[in-house]
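S.K.: Following the hints, complete the assembly by docking chain B onto the known chain A.
2 protein chains.
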Amino acid sequence: MEKNYRIVIDTLGSDKGPEAILEGAKTVLENNPNINLVLVGDSELISSFGFPKERIEIIHATNTVTNYDNPMEAFYRKEKPSVFLALEKCATDEDAIGVISSGNTGAVLVGAIKYLLNENRDRPCLAAMIPTKINGHYTCLVDTGAITDCTSSQLVGFAHLGSKFVKQLYKIENPRVGLLSNGSEPTKGNKLVKETHLLLKDDKEINFIGNIEAVNTLDGLCDVLVCDGFAGNQILKNTQGVAMTLIKEVMKFGVINKQEDITKQIAGHIMKNYDFESNGAAIMLGTKKYVLKCRGSSGPNATVSACNILINVINNKCYY
Amino acid sequence: MEKNYRIVIDTLGSDKGPEAILEGAKTVLENNPNINLVLVGDSELISSFGFPKERIEIIHATNTVTNYDNPMEAFYRKEKPSVFLALEKCATDEDAIGVISSGNTGAVLVGAIKYLLNENRDRPCLAAMIPTKINGHYTCLVDTGAITDCTSSQLVGFAHLGSKFVKQLYKIENPRVGLLSNGSEPTKGNKLVKETHLLLKDDKEINFIGNIEAVNTLDGLCDVLVCDGFAGNQILKNTQGVAMTLIKEVMKFGVINKQEDITKQIAGHIMKNYDFESNGAAIMLGTKKYVLKCRGSSGPNATVSACNILINVINNKCYY
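Protein chains in written order, with numbering that gives the first Met the number 0: chain A, 0 to 319; chain B, 0 to 319.
Worth flagging that the hints you see were computed from the coordinates, not collected in a lab.
These numbers were taken from a predicted model, which means no experiment stands behind them.
Some clues are possibly wrong.
One copy or two, it doesn't matter: identical chains are merged, so the pair holds either way.
Lysine-lysine pairs mimicking DSS-like chemistry, simulated, CA-CA at most 27 Å apart [to be verified]:
| id | residue 1 | residue 2 |
| --- | --- | --- |
| 1 | Lys251 | Lys271 |
| 2 | Lys170 | Lys193 |
| 3 | Lys257 | Lys166 |
| 4 | Lys113 | Lys193 |
| 5 | Lys132 | Lys271 |
| 6 | Lys79 | Lys166 |
| 7 | Lys257 | Lys15 |
| 8 | Lys163 | Lys247 |
| 9 | Lys257 | Lys163 |
| 10 | Lys88 | Lys247 |
| 11 | Lys15 | Lys170 |
| 12 | Lys15 | Lys263 |
| 13 | Lys79 | Lys25 |
| 14 | Lys132 | Lys15 |
| 15 | Lys190 | Lys113 |
| 16 | Lys200 | Lys257 |
| 17 | Lys52 | Lys271 |
| 18 | Lys251 | Lys263 |
| 19 | Lys170 | Lys88 |
| 20 | Lys247 | Lys263 |
| 21 | Lys25 | Lys15 |
| 22 | Lys132 | Lys263 |
The following block holds chain A by itself, in its conformation from the complex (with noise of 0.2 Å):
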């Protein structure tokens, strides 16, 4: 990265609070020193972080949107949630790259969709990079929660935003798009899998290699995975939960069996991998910037993983 750019962080959307947010602010100051950040919340508390102030811009908000509130009705309140301050100001402020947020995922949609779409786009959708067994390989699974309930032409549209995605971010030449379903053959799907199938078989810029089956996800067999968001949030949320149940089982065997200094081990090793919850975050795709969405639950090392995530993408020259 040549230049300074600015991320903008929603600082009030974690389950555990700004200071977590905060905290993972503070190191990705440390760690980039190219970058700045706008951070978006309760001025008095931020302040109180001592950050370099040079580096750092303050947005006052102090309201949020919780799970229980109606995103588009939170949208015209009088005043403005965190996280549709950070959107507004990523999208009028020329040197951010992107916005990182923890808040409510209907938020973050809507907030993206009134000020970062794209004209002749797709709605947007939220990716996640899933680990393959194979070393270094990723699978973009679209979309993990952006719509619940989609149509197969919108089906389509996530194939062709997870394709462009992997094909800058991954220097890919034609991507391998993959569709979710509960068999490999094409007669095989809801009703909403088996018109997608038909129409991404004969669409020309699709390189489209048939059903995936979710034995499969992490078997690296195709670049992009497409799928509804209520089918790709199981998918992202089952595969860490069943990691976290495994090391678990892996440690308690490690006690039981007086072994415990190489299951910690091997338990560290799949964390680093599938611990989703403090490392990953989702990326929307189909915005004019980026905006990355960590789980609400996060901590300190979402914010910095999402960072990370954000100057990677930025470095390999994935325009929006």
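M.R.: Coordinates of chain B only, in the frame set by chain A:
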């Protein structure tokens, strides 16, 4: 079990060939002196296995339903496929307690509805017992693939069938029913899930505890987890896929660090619970007799395991 029961086995469904199923059948006979078998398949091949004549009955069949066939059309074929012969036999033989098949799921369902549907019952579903982190506790996941496009009233039907089943099987007085969603709040979910949430909340016969996220599927938070067959299939297969991938990671770690003894033990421990492919079977609920559906890629263990589930179900006086 006091008297001799019969189990009907469709020997033609597995991708691994009838030999794999017949190997399993042999073990079942050896392990269970009071279980006799009806084997549906190639009579010449079956005879070549040297089963004790007084303990088996053979129904000759060579026709199958492939994953490319339309199950309903296949049902009306002149020469009946083995799966339908097996289900018909189970329906008409009063000593038969259930059927096991690894064949096409749609065909198993069509056959079950034609021959074994209880009057005044909801459409049957396929339940899978998911091991949880609580020792000895399973969560009954319904549906895992019988109906991929469901209505909310079908999901409520699954909740009833699942509740009744675990009540009998595990003697749980008031089974906790959860609804799979992409957030724990009642407002989260796709259209189907939101509708179903409202229906379950008002259902006085169901102990509905609310939405469950996929990150918690192995946490034992509920006794019955309700979802449509597409979502359930994703959870079941993704759980297996992630577990198998992590086992391979653990093994690789053992080789690199010369700790293969301990990592092999850990892998075996995990395999025992999560290798659904060779161990598990989905059980159909809502039929006059129990129908067990093994995975298409089932080996001999799947047949043994399915018989054990069936025997356990009958011993626990789970009425259809």
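S.K.: State whether the alpha carbon distance between Lys132 and Lys15 is at most 27 Å within one copy, between copies, both, or neither.
M.R.: between (32 Å within a copy, 25 Å between copies)
S.K.: How would you label the pair Lys257, Lys15 (within, between, both, or neither) given a Cα cut-off of 27 Å?
M.R.: neither (34 Å within a copy, 40 Å between copies)
S.K.: Check Lys247 against Lys263 for me: Cα-Cα at most 27 Å, and say if that holds within a copy, between copies, both or neither.
M.R.: Cα proximity of Lys247 and Lys263: in one copy and across copies (10 Å, 17 Å).
S.K.: Check Lys163 against Lys247 for me: Cα-Cα at most 27 Å, and say if that holds within a copy, between copies, both or neither.
M.R.: neither (38 Å within a copy, 31 Å between copies)
S.K.: Reference check for the pair Lys113 and Lys193, CA-CA at most 27 Å: within, between, both, or neither?
M.R.: between (32 Å within a copy, 25 Å between copies)
S.K.: Measure nothing new, just compare the shortest in-copy and cross-copy C-alpha distances for Lys88 and Lys247 to 27 Å and report within, between, both or neither.
M.R.: neither (42 Å within a copy, 46 Å between copies)
S.K.: Evaluate Lys79 and Lys25 at a C-alpha cut-off of 27 Å and name the case that applies: within, between, both or neither.
M.R.: within (25 Å within a copy, 70 Å between copies)
S.K.: Within, between, both or neither: how does the pair Lys15, Lys263 come out at a Cα-Cα threshold of 27 Å?
M.R.: Within one copy, since 26 Å is at most 27 Å while 38 Å is not.
S.K.: Which holds for Lys132 with Lys271 at a C-alpha limit of 27 Å: within a copy, between copies, both or neither?
M.R.: For Lys132 and Lys271, the Cα distance is within 27 Å both inside one copy (13 Å) and across copies (21 Å).
S.K.: First find the shortest C-alpha distance between Lys79 and Lys166 inside one copy, then the shortest across copies, and answer within, between, both or neither for a cut-off of 27 Å.
M.R.: So Lys79 and Lys166 fail the 27 Å test inside a copy (37 Å) and across (50 Å) alike.
S.K.: Cα distance capped at 27 Å. Does Lys190 pair with Lys113 within a copy, between copies, both, or neither?
M.R.: Between copies only: 23 Å across chains, 31 Å inside a chain, cut-off 27 Å.
S.K.: Could you figure out if Lys251 and Lys263 sit no more than 27 Å apart (CA to CA) within one copy, between two copies, both or neither?
M.R.: both (10 Å within a copy, 15 Å between copies)
Going through the hint list in order, the structure does not satisfy hints 2, 3, 6, 7, 8, 9, 10, 11, 16, 17, 19.
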